[in-house]
Structures are given as C-alpha cells and as structure tokens.
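> Given next are the chains, with one letter for each unit.
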Amino acid sequence: MSVRENKTDVIVVGAGPAGISCAITLARAGKEVVLIERGMFAGSKNMFGGAIYTSAVKEIFPNFETEAPLERRTIEHNFAILGENDSTTITYRKDYNVSYSVIRGKFDRWCAQEAKKAGVYLVDETVVRGLIKEDDKIIGVKTELEEYYADIVVLADGVNSLLAKEIGLRKDIDTKDVALSVKEVIKLDKETINQRYGLKDNQGAIVEIFGGPMLGMLGLGFMYTNVDSVTIGLGITLNELVENNYRPFELLDKLKQHPSVAPFIEGGTLKEYSAHLIPEGGYKKIPQLCDNGVMIVGDAGMLVNNLHWEGTNLAMISGKLAGETAIDALNKKDFSKKTLSAYEKKLKKSFVMKDMYTYRDLMDVMHIRKKAFLSYYMKKINAFFEMFTSVDGVPKKEHYQKFIKSIFTDRGIVELFKDAWAIVKLLWSILL
Amino acid sequence: MNLDKKLYTLKYSPDTKSHLNPNQEQCKLCKGRPCEFICPAGVYEWNEDKNELIINYENCLECGACRIACERKSLAWEYPKGTKGVTFKNG
Numbered sequence: 067m068s069v070r071e072n073k074t075d076v077i078v079v080g081a082g083p084a085g086i087s088c089a090i091t092l093a094r095a096g097k098e099v100v101l102i103e104r105g106m107f108a109g110s111k112n113m114f115g116g117a118i119y120t121s122a123v124k125e126i127f128p129n130f131e132t133e134a135p136l137e138r139r140t141i142e143h144n145f146a147i148l149g150e151n152d153s154t155t156i157t158y159r160k161d162y163n164v165s166y167s168v169i170r171g172k173f174d175r176w177c178a179q180e181a182k183k184a185g186v187y188l189v190d191e192t193v194v195r196g197l198i199k200e201d202d203k204i205i206g207v208k209t210e211l212e213e214y215y216a217d218i219v220v221l222a223d224g225v226n227s228l229l230a231k232e233i234g235l236r237k238d239i240d241t242k243d244v245a246l247s248v249k250e251v252i253k254l255d256k257e258t259i260n261q262r263y264g265l266k267d268n269q270g271a272i273v274e275i276f277g278g279p280m281l282g283m284l285g286l287g288f289m290y291t292n293v294d295s296v297t298i299g300l301g302i303t304l305n306e307l308v309e310n311n312y313r314p315f316e317l318l319d320k321l322k323q324h325p326s327v328a329p330f331i332e333g334g335t336l337k338e339y340s341a342h343l344i345p346e347g348g349y350k351k352i353p354q355l356c357d358n359g360v361m362i363v364g365d366a367g368m369l370v371n372n373l374h375w376e377g378t379n380l381a382m383i384s385g386k387l388a389g390e391t392a393i394d395a396l397n398k399k400d401f402s403k404k405t406l407s408a409y410e411k412k413l414k415k416s417f418v419m420k421d422m423y424t425y426r427d428l429m430d431v432m433h434i435r436k437k438a439f440l441s442y443y444m445k446k447i448n449a450f451f452e453m454f455t456s457v458d459g460v461p462k463k464e465h466y467q468k469f470i471k472s473i474f475t476d477r478g479i480v481e482l483f484k485d486a487w488a489i490v491k492l493l494w495s496i497l498l
Numbered sequence: 016m017n018l019d020k021k022l023y024t025l026k027y028s029p030d031t032k033s034h035l036n037p038n039q040e041q042c043k044l045c046k047g048r049p050c051e052f053i054c055p056a057g058v059y060e061w062n063e064d065k066n067e068l069i070i071n072y073e074n075c076l077e078c079g080a081c082r083i084a085c086e087r088k089s090l091a092w093e094y095p096k097g098t099k100g101v102t103f104k105n106g
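Chains as they are written, first to last, in my numbering: chain A, 67 to 498; chain B, 16 to 106.
Treat the hints with care, as some may be off.
Here are the simulated DSS-like pairs of lysine-lysine, each with C-alpha atoms no more than 27 Å apart in a straight line [as the list claims (entries may be wrong)]: (1) LYS172/A / LYS96/B; (2) LYS124/A / LYS104/B; (3) LYS20/B / LYS253/A; (4) LYS96/B / LYS73/A; (5) LYS26/B / LYS256/A; (6) LYS203/A / LYS411/A; (7) LYS320/A / LYS20/B; (8) LYS96/B / LYS231/A; (9) LYS172/A / LYS104/B; (10) LYS96/B / LYS337/A; (11) LYS484/A / LYS445/A; (12) LYS445/A / LYS463/A; (13) LYS199/A / LYS96/B; (14) LYS208/A / LYS88/B; (15) LYS182/A / LYS26/B; (16) LYS96/B / LYS208/A; (17) LYS96/B / LYS237/A; (18) LYS403/A / LYS231/A; (19) LYS104/B / LYS337/A; (20) LYS237/A / LYS46/B; (21) LYS88/B / LYS231/A; (22) LYS337/A / LYS20/B; (23) LYS46/B / LYS242/A; (24) LYS420/A / LYS242/A; (25) LYS208/A / LYS32/B; (26) LYS414/A / LYS124/A; (27) LYS26/B / LYS172/A; (28) LYS88/B / LYS242/A; (29) LYS96/B / LYS182/A; (30) LYS104/B / LYS266/A.
Source of the hints: derived by calculation from the structure; they are not laboratory data.
Required output: the full structure, derived from the provided sequences and hints.
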C-alpha cells in the first residue's frame with residue numbers, strides 16, 4: 067500500500083462506551099488513534115436506561131468512582147409486576163457497589179476527555195459516511211469532508227451500524243430483533259426522591275417493570291434514580307409496535323399513569339424526552355465481528371444481554387478486547403482477518419460471549435410464549451396476592467381451591483404443559 | 016402529555032435538507048405505514064390531499080426505528096450532518 071496522508075494506526079468510529087474503551091486501550095499502549103464522533107460531544111446522541119456497571123468501568127477507568135460524573139450508587143433493585151391496576155414487587159436491597167446511575171451526556175463526555183488525556187485524537191461533529199476498501203481490506207473511512215486512512219478501523223457506530231451493513235458484515239435488522247426505547251428524565255428535588263424510594267444521600271434505586279401497558283408484549287419498563295431527577299422509560303420490541311399500531315410515547319404515558327408508578331414521579335417536571343434502539347436479537351443475531359482491517363464492537367455487534375439489562379459493560383469489554391487485538395496486530399504489522407479474529411476468540415473466553423451464548427434460546431422462547439409469560443402468569447401472580455391478602459369472610463380453603471381451579475380453566479392443561487416444557491427446555495439451555 | 020411538549024425539551028440544530036428520504040411512490044402503495052405511529056417523534060404524517068408522506072425531519076431523534084420498520088424498505092435513511100440534528104443532554 068502506498069504511503070498516504072491522513073494515515074493513522076487505528077480509526078475508531080463512534081465515541082460511546084465501546085469506542086472510547088477501544089481507543090483508550092490503544093492510546094495507553096502508545097498507538098496512534100483517531101476517534102470520530104458524529105455528535106456535538108461524546109454522549110450527545112446516546113441514551114440508555116440508566117446504570118453503568120462498576121466492574122466493567124473499573125477495567126477501563128480504575129479511578130472512575132472518585133473522578134467521573136456519577137449520579138447515584140445502586141443499593142436497591144426492584145422487580146415490579148404490573149397488572150391493569152395492581153402490582154406485586156420484589157425488592158432486593160444491598161449496598162454492594164454493583165452499579166451507578168449516570169447521565170450519558172456527562173459520563174460519556176468525561177470518558178472521552180479521559181481518552182483525550184491518554185493521547186486519543188478525538189474528532190467531534192463528524193459523520194463517517196462510508197468505509198474505504200482496497201484489495202478486499204478496509205483501509206480507511208470517508209467523512210463528509212475528507213478521507214482518513216488507518217491500518218485498522220473499529221466500528222463502534224452503535225445499534226444501527228450502517229457501516230457494518232455497508233461492508234456486508236451485518237444484514238438488515240428484523241423488527242423483532244430490536245427494541246425501541248423511549249424515556250423521560252423527570253426533575254424532582256433530591257430530598258423528595260430519597261423519601262419516595264427510601265434512600266439516603268447518594269444511594270440509588272432501580273425499578274424493572276414487567277407488564278402494565280405492555281402486558282403480553284415483549285417490552286419492559288424501568289425507573290432509575292439520579293441525583294435530582296428520576297428516569298422513567300420503556301423498551302418494546304419494534305414488531306409489537308408495528309403489529310399493534312402503538313405509539314411508543316403513548317405507552318410510556320400509560321406507564322406513568324399506573325397507580326403503582328405515578329406516586330414516584332408525581333409533581334416532577336419533564337427535563338428531557340429521548341429515544342434510542344436496543345439490539346435484542348441475542349446470540350443468534352451477532353454478526354461476524356471482524357474482517358480484513360476491521361472489527362465491530364458494542365451495540366454495533368449486537369452485544370446486549372437483555373435479560374440482565376446489561377449493555378454498556380459488554381460494550382466496554384468488547385472495546386477493550388478489540389483494542390488489545392489491534393495492539394498485537396500493529397506490533398506484527400498484520401491486519402488480516404486471521405490475525406484480527408483473535409478478538410472473537412478473546413470475546414468467547416470472556417463473560418461477554420459466554421453470557422450471550424447462555425441466553426441463546428431466550429428470545430425465541432419469549433417470542434413464541436410471550437402471551438403466557440408476559441401476561442397470563444403475571445396476572446396470576448397479582449391474582450394470587452389479591453387472594454392471599456383478601457379479608458372478606460370467605461374461608462381461606464375456598465379461596466385457594468378457586469384460585470387453583472382458575473389456573474386450569476383459564477389456560478387449559480395442554481397450554482400449561484407446553485409452558486412448563488418451554489421453561490424446562492430454556493433452563494436446560496441456560497444451565498447446561 | 017402531548018408529544019410536542021416532550022419534543023420541546025430537546026435541543027435541536029436542524030439542517031435545511033432532510034436526512035430522511037422515502038420513495039414517495041412506494042409510500043403511496045404502502046398499506047400499513049408503520050412509520051406514522053412507531054416513530055417516537057411523530058416525524059411521519061400522511062397527507063391525504065397531497066397523497067404523500069410529510070416528513071417533519073427536524074423533530075427526528077435519530078433512533079433508526081423507521082428504517083427498520085419500513086414495510087417496503089424504501090426509506091433512504093442517513094444520519095444528519097455532524098453539526099446537525101438532536102442533542103441529548105440527559106440521555
């Protein structure tokens with residue numbers, strides 16, 4: 067290859083958690099990295115539920131707990147099952163430093179500043195419109211204004227990854243493999259938040275919400291506490307919206323009005339509304355993650371563990387592993403698919419691909435049996451507690467008998483058996 | 016709360032040209048027009064009189080849902096220019 071101007075070791079497209087982690091890993095090893103971000107600043111086009119995970123962030127930024135702009139340290143996880151107008155909630159509370167709520171416009175921006183300090187050349191407000199290919203190898207990127215060349219290009223361009231699609235590594239996404247998330251950040255004063263959620267100082271709570279306006283659909287709601295605001299939102303598989311003619315923000319409004327949710331946000335003022343896609347296809351939809359001169363990291367590689375609400379941690383670790391692979395490739399001066407496939411091997415050895423593999427059958431089962439698991443049984447859980455807590459002069463035995471009978475009359479023995487079999491098969495695939 | 020009030024909380028730097036360009040001939044043939052309701056910013060509206068899709072691209076949140084949901088795969092979808100589009104301060 068001829069010597070070109072505008073040539074660097076590595077170009078990373080997208081300054082989100084994956085791209086920044088990759089770029090900073092390279093810069094710390096003394097490599098020349100250009101990190102290109104389309105937003106006004108890193109984080110300005112990003113949105114998520116609300117929490118980053120301590121263990122993953124520490125791998126990239128060991129001192130982040132004292133230096134990064136964090137909102138609250140999670141001490142409580144709530145799992146709320148919402149019926150039409152009732153709810154059952156399980157709460158797990160422990161201060162074990164697992165995660166922090168953050169505002170991406172602040173947190174990603176801080177991460178990008180740290181990357182700059184480490185020597186990464188950050189280019190803001192620049193959209194990469196295409197990749198440059200020569201002899202079956204990616205050798206650079208085309209932005210709106212100019213062309214930049216590199217030995218390796220890392221695609222951290224997010225869930226839509228038009229670039230991975232352009233070079234054939236990703237196919238068109240199906241509506242059932244992606245969720246649309248809408249959220250609102252609602253301003254409330256710190257004391258009110260602490261009172262409502264039972265928190266002290268900068269302690270935080272997460273509420274994961276099943277059912278409600280999304281009963282029977284593949285969608286989940288969430289609430290996260292920030293210092294002086296509460297985030298409420300939902301993510302719903304896009305095919306549900308298409309098939310049911312739902313407007314996402316109307317579902318969110320319904321969620322906000324639910325009698326078990328409304329008291330938490332009452333009296334607050336809307337600070338910001340936002341929307342983003344979440345890759346939900348799981349293990350089976352992960353594309354080939356490398357080719358000659360190119361690697362894919364984070365959401366662009368569909369690396370999201372939706373059951374555990376994990377995404378940024380998979381993004382950061384995939385970015386780091388791609389960075390380490392690029393360092394080896396640069397040292398060897400070999401940027402072939404064969405050398406870069408070490409990245410996929412590293413991913414397979416890490417929790418990232420192991421977790422993706424563990425839940426490989428989850429989405430298939432959920433798509434088929436969502437009416438059972440995300441509506442029928444949820445309603446039954448609430449019905450059980452309604453029965454259990456009722457004081458109405460009816461003998462308890464009659465209550466129990468009626469409840470048990472209802473399980474068999476409402477759903478039918480064949481369907482119940484199929485549900486149980488689906489759960490057994492799913493657990494089998496997860497545990498073995 | 017109506018959608019306009021939600022969108023009013025956002026910082027936008029709109030371009031003078033749309034980054035969302037559907038093939039209007041295909042839109043005329045489209046039955047479901049999912050873009051009209053799935054869009055979190057209500058960007059797409061069908062105009063019966065003109066028999067065409069109106070695109071309020073200035074309100075776009077750049078999520079990409081319309082590109083995937085488009086039944087006829089006839090939406091040319093790209094990111095706005097680097098200095099343009101939406102900015103989330105609290106994403």
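> Against each hint, give a clear statement of whether it holds in the structure.
Hint by hint, here is what the structure shows:
Under the criterion of a C-alpha separation no larger than 27 Å, the hint pairing LYS172/A with LYS96/B is consistent with the structure, at around 22 Å. Between LYS124/A and LYS104/B the CA atoms are separated by roughly 24 Å; this keeps the pair inside 27 Å, and the hint holds. Restraint check for LYS20/B and LYS253/A: satisfied, since their Cα atoms lie roughly 15 Å apart, inside the 27 Å limit. About 23 Å separates the Cα atoms of LYS96/B and LYS73/A, which keeps this hinted pair within 27 Å; it holds.
Taking the CA atoms of LYS26/B and LYS256/A, the gap is about 25 Å. The hint holds against a cut of 27 Å. Restraint check for LYS203/A and LYS411/A: satisfied, since their Cα atoms lie roughly 21 Å apart, inside the 27 Å limit. Annotation: proposed proximity of LYS320/A to LYS20/B holds, straight-line Cα distance about 16 Å (limit 27 Å). Using a Cα cut-off of 27 Å, the hinted pair LYS96/B and LYS231/A holds, with the two alpha carbons roughly 20 Å apart.
Simply put, LYS172/A and LYS104/B have alpha-carbon atoms about 8 Å apart, close enough for the 27 Å limit, and the pair holds. A distance of roughly 26 Å separates the Cα atoms of LYS96/B and LYS337/A; the hinted pair therefore holds under the 27 Å criterion. Distance hint between LYS484/A and LYS445/A is fulfilled; the C-alpha atoms sit about 18 Å from each other, no more than 27 Å. Note on LYS445/A and LYS463/A: the hinted pairing holds, with a Cα-Cα distance of about 21 Å set against a maximum of 27 Å.
With a C-alpha separation of about 23 Å, the suggested pairing of LYS199/A with LYS96/B holds against the 27 Å cut-off. Simply put, LYS208/A and LYS88/B have alpha-carbon atoms about 25 Å apart, close enough for the 27 Å limit, and the pair holds. Annotation: proposed proximity of LYS182/A to LYS26/B holds, straight-line Cα distance about 26 Å (limit 27 Å). Straight-line distance between C-alpha atoms of LYS96/B and LYS208/A comes to about 13 Å, which keeps the hinted pair within the 27 Å bound.
Among the hinted pairs, LYS96/B with LYS237/A is consistent with the structure: their alpha-carbon atoms are about 24 Å apart, no more than 27 Å. Using a Cα cut-off of 27 Å, the hinted pair LYS403/A and LYS231/A holds, with the two alpha carbons roughly 17 Å apart. At roughly 10 Å between alpha-carbon atoms, LYS104/B and LYS337/A fall within 27 Å of each other, so this suggested pair holds. Restraint check for LYS237/A and LYS46/B: the C-alpha separation of about 25 Å stays at or below 27 Å, so the hint holds.
Distance restraint check for LYS88/B and LYS231/A: the Cα-Cα separation of roughly 14 Å lies within the 27 Å cut-off, and the hinted pair is therefore satisfied. Under the criterion of a C-alpha separation no larger than 27 Å, the hint pairing LYS337/A with LYS20/B is consistent with the structure, at around 11 Å. Only pairs whose Cα atoms come within 27 Å are accepted, and LYS46/B paired with LYS242/A is accepted, the gap being roughly 20 Å. Between the alpha carbons of LYS420/A and LYS242/A the distance comes to roughly 23 Å, so the proposed pair stays at or under 27 Å and holds.
Proposed proximity of LYS208/A and LYS32/B is supported: the alpha carbons are some 21 Å apart, at most 27 Å. At most 27 Å may separate the alpha-carbon atoms for a hinted pair to count; LYS414/A and LYS124/A meet this at roughly 21 Å. For the proposed pair LYS26/B and LYS172/A, the alpha carbon gap of about 15 Å is at most 27 Å, so the pair holds. Under the criterion of a C-alpha separation no larger than 27 Å, the hint pairing LYS88/B with LYS242/A is consistent with the structure, at around 16 Å.
Using a Cα cut-off of 27 Å, the hinted pair LYS96/B and LYS182/A holds, with the two alpha carbons roughly 23 Å apart. At most 27 Å may separate the alpha-carbon atoms for a hinted pair to count; LYS104/B and LYS266/A meet this at roughly 26 Å.
Going down the numbered hints, you'll see the structure goes against none, and every one checks out.
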